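*Asks:* Given next are the chains, with one letter for each unit.
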Amino acid sequence: MFEFIRATLQRPNYIAFVVLFLWGLYIAITHHNLVKKLIGMYLVQTSVFFFLVSFSVKQGATVPILMSTTDKVHAEAYANPLPHALTLTGIVVQVATLGVALALVTAIYQKYDSLDEDEILKRLE
Amino acid sequence: MTQHLPALLFSIPLLAAISMPMVGLRHRGWCRPMALAAVCAMSVTAVVSLVVVLNSGEIRYSFGGWAPPIGIEWVADGLASVMMVAICLIASICLIYGGAVSPLPAGGRVVLYYTLILLLLSGLTGAVFAGDLFNVFVFLEVVTLSVAALVGMAGGKALVFAFRYLILASLGATFYLLGVTFFYAATGTLNMADLAERVPALLDSKAVIGGLVFMFIGLGIKMALMPLHGWLPDAYSYAPDAVSPLLSSLVTKVALLAWARILYWAVGVGSELETTQILRLVWVSGALASVVGAFLALTQRDVKRIFAYGGVSHIGLILIGVGQGNQTGLAGAMFYLINDAVMQATLFVVAGAAIHQYGVKTMEDLGRLHGRAPWWMTGALIVVAMSMIGIPPTGGFFGKWYIILSALRSGNYLAVGAVMLSTLLTLAYFLRLWVRVFSGDQVSPSSTQRVEAPFALRVCVGTLCLSIIALGLCSDLIVRVLLDTITPLGL
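Chain order of the listed sequences is A and B.
Count along the first sequence from 1, add 82, and you get the number used in this note's numbering.
Count along the second sequence from 1, add 438, and you get the number used in this note's numbering.
Pulled out of the complex, with its shape left as it was, chain B reads as follows (with noise of 0.2 Å):
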């Protein structure tokens, strides 16, 4: 039985998502109840299927009982689980907090919202399981689809903008498409346990590189690498409050797992990978979008739009950790990559809160905060501020830490100024936001109309914010699943 949870995982959204426009049309009300109940089923399936996966090693899922160089194959490994784990618990998350804070579109847009919501889940799942090249292509084209179709719902300026993702991100799938035809070409394979065989005879071939370097554009607009960053910002900024939380923090961080899976997987099996350029191009490009995208945070005025770049130039941190080529540097960065995802989504989470509840949008309505935000989202503030900075005891210092770590062993001392500087930037940009909500001109009690936050949105922010603590707090075990999962490639 156990065999077949990552099918059921991938299952139970997709099932509901079909359902939901036959159950919703007729029934509005059963909308909300229904999602709610398949993004649990998820969470308990995920949990299920992390301890199972501790217990007794990965799960290997061959589709319709083909065994895998021809069949479509489904790898459950460590870090596939604890990612799985980490996509439900953001989802449910972002799900309670898009039905109970920021006002849905009304008619039938309510019933879109959440089949929209469970088909990214479910394409998400299967980026996360995919375990041969094309299925990759495949799931990340359905969440492209449906985070195109959850942008435009916001209509005006952001149709436009849904609209040049949907273009940008469909050419980066066609560009993977063709790095996997070239792979194709000079293998005869997809799978990437098969793959892992017979790339590395082959590493001096040019179609083999070719396709490498395509993937990587490809994956690179998908995951808003620095110079291919551009759809992000504005689609983040304009899409609907109720979905740039689950956005921001799922999918761009499923198309860089994709790159480190083929990466290490697929293509270098122990040292191999040192021969070619490639590690090199990804964590030179990872400095100069950590670096970059920092920069250009301190420069925004939007506050969504703050928070993206500074997604940007996560997203490069990680890469960093992914280029290094050790244990370390790929362990540290999957960590560091599940704690970006928690802490994005705690930005936009407060972010849409602030705009929703005090008309905050850009730097200088942050000053509205000042003696009217309540506590917690003034704390969650400062604890998110923390992580992305790195402080301990929270998540992100750990994941720099073994960034940091990876890149001096390699002593690749370049890598370490990028990722300091980038935290230094990080820091500056964070400093501007608090000097203007504290510069705040202090308002008159009296003038204060008292806005009571709804329960659920301190729950969110709540979980949001202990999560990214307890990350920090148990870095140490999270580390050492991941490690389990890597070992085996012999880096």
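Next up, chain A with everything else stripped away, as it sits in the complex (with noise of 0.2 Å):
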């Protein structure tokens, strides 16, 4: 037990990840006002980007650019690019996901006056 808890004191970033996307989730079940469930939706898609960036990040290692064709090629001194593309793929898609769930909110807003789930619920009847 002893062991477990110091491993997991060893990787901040692991528990932090983990309280984000509990909190997220927590915060998209409960929350009755639609923009807080999109934010809590959002919550949960950062944290996963952030341990995505988190586990690859190497100490010492530098950007991946080789800087002569001739040396030869240390890759430990590299940090790994594949994270970060996906990353940076994976907030476009937040951003597309984000964008056509605040269209939809505002349409909502529009047409039911409210942001509230239980109230839009009742005037749907």
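Don't read these hints as lab results, they were simulated from the structure.
Heads up, a few of these hints could be off.
Said to hold, decoys possible - Output of the computed footprint for chain B on chain A, the stretches with three or more beta carbons under 8 Å from beta carbons of chain B:
| # | segment |
| --- | --- |
| 1 | 119 to 126 |
| 2 | 129 to 140 |
| 3 | 144 to 155 |
| 4 | 173 to 183 |
To be verified - 27 Å max Cα-Cα, derived DSS-like pairs, lysine-lysine:
| # | chain 1 | residue 1 | chain 2 | residue 2 |
| --- | --- | --- | --- | --- |
| 5 | A | Lys154 | A | Lys140 |
| 6 | A | Lys140 | B | Lys644 |
| 7 | A | Lys193 | A | Lys118 |
| 8 | B | Lys644 | A | Lys204 |
| 9 | A | Lys204 | B | Lys595 |
| 10 | B | Lys644 | A | Lys193 |
| 11 | A | Lys193 | B | Lys595 |
| 12 | B | Lys799 | B | Lys644 |
| 13 | B | Lys595 | A | Lys118 |
| 14 | A | Lys118 | A | Lys204 |
| 15 | A | Lys204 | A | Lys193 |
Claimed, not checked - The following residues of chain B were derived to be distant from chain A, with all beta-carbon distances above 12 Å:
| # | residue |
| --- | --- |
| 16 | Lys595 |
| 17 | Ile605 |
| 18 | Gly626 |
| 19 | Ala631 |
A quick note: this is a predicted structure, and the numbers were derived from the prediction, not measured.
For glycine and all other residues, C-beta sits at the position ideal for the given N, C-alpha and C.
Now that you have both chains on their own, put them together as the hints suggest.
*Replies:* Here it is, written out as structure tokens:
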């Protein structure tokens, strides 16, 4: 048990990821306000990107650009660029999702004059 | 030239979707011919690529000329090509139906409608062909976004359910992405063929198992697997009639196809998958979904909702086949998946026509069809009911046959029982429908105002019914193609 706690504490980035992820999920599930649900979803997505970036960090590594083509390549001297590329694509997807979701929220607000889910469901009937 | 076919198949709807608003805002009348032309071109390309794949083996396309483990790879094997032909067929029928029958929202929305349909198609194409895990995520998100916008186009109540779908599906996508991240952390690759070499040695690693479970939950939301299906009935029943056949037939199926691909093409080569409990999780949740989904369909009043729950139960049936871990099961499940896509399209086309022409919305209104509905509508309902229940010679029978056969082969009698029970429940809800139709009060001919069905609607319904029967008659041929794709996996 003690070993496990110590091993966990050595990776604060994972703790931060878990906290952010669960926090976002909690907001998305429990809040009745549509915009707050959206914020929860955003937090969950961002936490996964954070996780993706944080485990690709390498101490003392630099950007993966070869300065010369003749020298021997030392792979350990460069950071892995792929998680960053994935994160970038993920952020684009996230922005698109957020845009469509906000457009829907705006349309709902114009139609039902409320952002509260219970209120809207009451007016649906 | 032939190796570019998958990319061509993807770029046709994408380019058409991009140019649609540019052309459409100026000449609104051009939208429909343009969309139809794009879908026709896609269908031709899909058939050509199927022929090429059958003759000279699978096409592996690497984008930008980067070799697979580093670059992005698309795989057009037998399964993907057959699926692509089915998608193009259903899409063209839905497009003909959508424009001809139900009134499209007026104004600039017409342009939007066709743009979104084409975007949806390009997303589906990408998700079917994608050869690495991250691309599956991106294309499924493209599908989700266009579906949410299409559902929301109906306005009113549909907006709320579109929003709910978007939130749930995006959370699902995030779970999936987390699973992908775990896989990447454990193996250092995302390419499915590359993963297939590295994962089997790591099957006892917590990262891989956790990643698999996260992916299953995420894709489970997208494929509306039983406890995670909450978004589906509302979204489909409030979606515009012009789009619900397309959504119900293709969107959930593509997520399921992606899951089958991950399970067998990226993770489990051979029998190593048996050591994890993931296959058991898959078939047990499938069995649960098939029975409970059919039972829920029995309790519904709204016709579209009955069909939507029927779709939920069929997703479960397909998962039972996927979870058996043998060749017959996987091939049968994939065959049933194509069948189910056609069946769902038929159901929603007929339901849309009944709503539009006779004002049938709930079970009580079904009596109005009695003596009024033309013979082909009743006939279509009979054919699709036969296929849903599983009576030969329709495709549904053969799909169920292979799934039951594979469950018997692996001695899994509980799964066989679940398939049987869900079949009985399907029979029950169709009987309930039929009783309503035939016990309706016979209307006197004078009070019936003759509603002439558009010719296009008859063509759509006829083609769909014929393809249900053709799928049954050609089942041997299609299953053999699927088996050829699956055999190299060494199950």
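*Asks:* Now, for every hint given, state plainly whether the structure supports it.
*Replies:* Verification of the supplied hints:
Figure legend: the segment 119 to 126 of chain A, annotated as covered by chain B; annotation consistent (4 residues with Cβ-Cβ distances under 8 Å, at least 3 required). Coverage of the segment 129 to 140 of chain A by chain B holds [criterion: at least 3 residues with CB-CB distance below 8 Å; count 4]. Requiring three or more residues with a Cβ within less than 8 Å of a Cβ of chain B, the coverage given for the segment 144 to 155 of chain A is violated, as only 0 such residues are present. By the rule of at least three residues with a Cβ nearer than 8 Å to a Cβ of chain B, the coverage given for the segment 173 to 183 of chain A holds, with 5 such residues.
Between Lys154 of chain A and Lys140 of chain A the alpha-carbon distance is near 20 Å, which keeps this suggested pair within the 27 Å criterion. The suggested pairing of Lys140 of chain A with Lys644 of chain B holds, with an alpha-carbon distance near 22 Å, which does not exceed 27 Å. Only pairs whose Cα atoms come within 27 Å are accepted, and Lys193 of chain A paired with Lys118 of chain A is accepted, the gap being roughly 19 Å. Distance hint between Lys644 of chain B and Lys204 of chain A is unfulfilled; the C-alpha atoms sit about 45 Å from each other, more than 27 Å.
For the suggested pair Lys204 of chain A and Lys595 of chain B, the alpha carbons sit about 11 Å apart, so the restraint of at most 27 Å is met. As the CA atoms of Lys644 of chain B and Lys193 of chain A are separated by approximately 48 Å, the hinted pair breaks the 27 Å bound. Of the supplied pair hints, the one linking Lys193 of chain A and Lys595 of chain B holds, its CA atoms being roughly 9 Å apart against a limit of 27 Å. With a C-alpha separation of about 49 Å, the suggested pairing of Lys799 of chain B with Lys644 of chain B is violated against the 27 Å cut-off.
Straight-line distance between C-alpha atoms of Lys595 of chain B and Lys118 of chain A comes to about 20 Å, which keeps the hinted pair within the 27 Å bound. Between Lys118 of chain A and Lys204 of chain A the alpha-carbon distance is near 19 Å, which keeps this suggested pair within the 27 Å criterion. Taken as a hint, the Lys204 of chain A and Lys193 of chain A pair is honoured in the structure, with Cα atoms around 13 Å apart against an allowance of 27 Å. Lys595 of chain B, annotated as away from the interface, has a beta carbon of chain A within 12 Å; the closest lies near 5 Å.
Against chain A, the non-interface label of Ile605 of chain B is violated: not every CB pair exceeds 12 Å, the least being about 6 Å. The Cβ of Gly626 of chain B sits about 8 Å from the closest Cβ of chain A, inside the 12 Å cut-off, so the non-interface label is violated. Separation of Ala631 of chain B from chain A is adequate, the least Cβ-Cβ distance of about 17 Å exceeding the 12 Å criterion.
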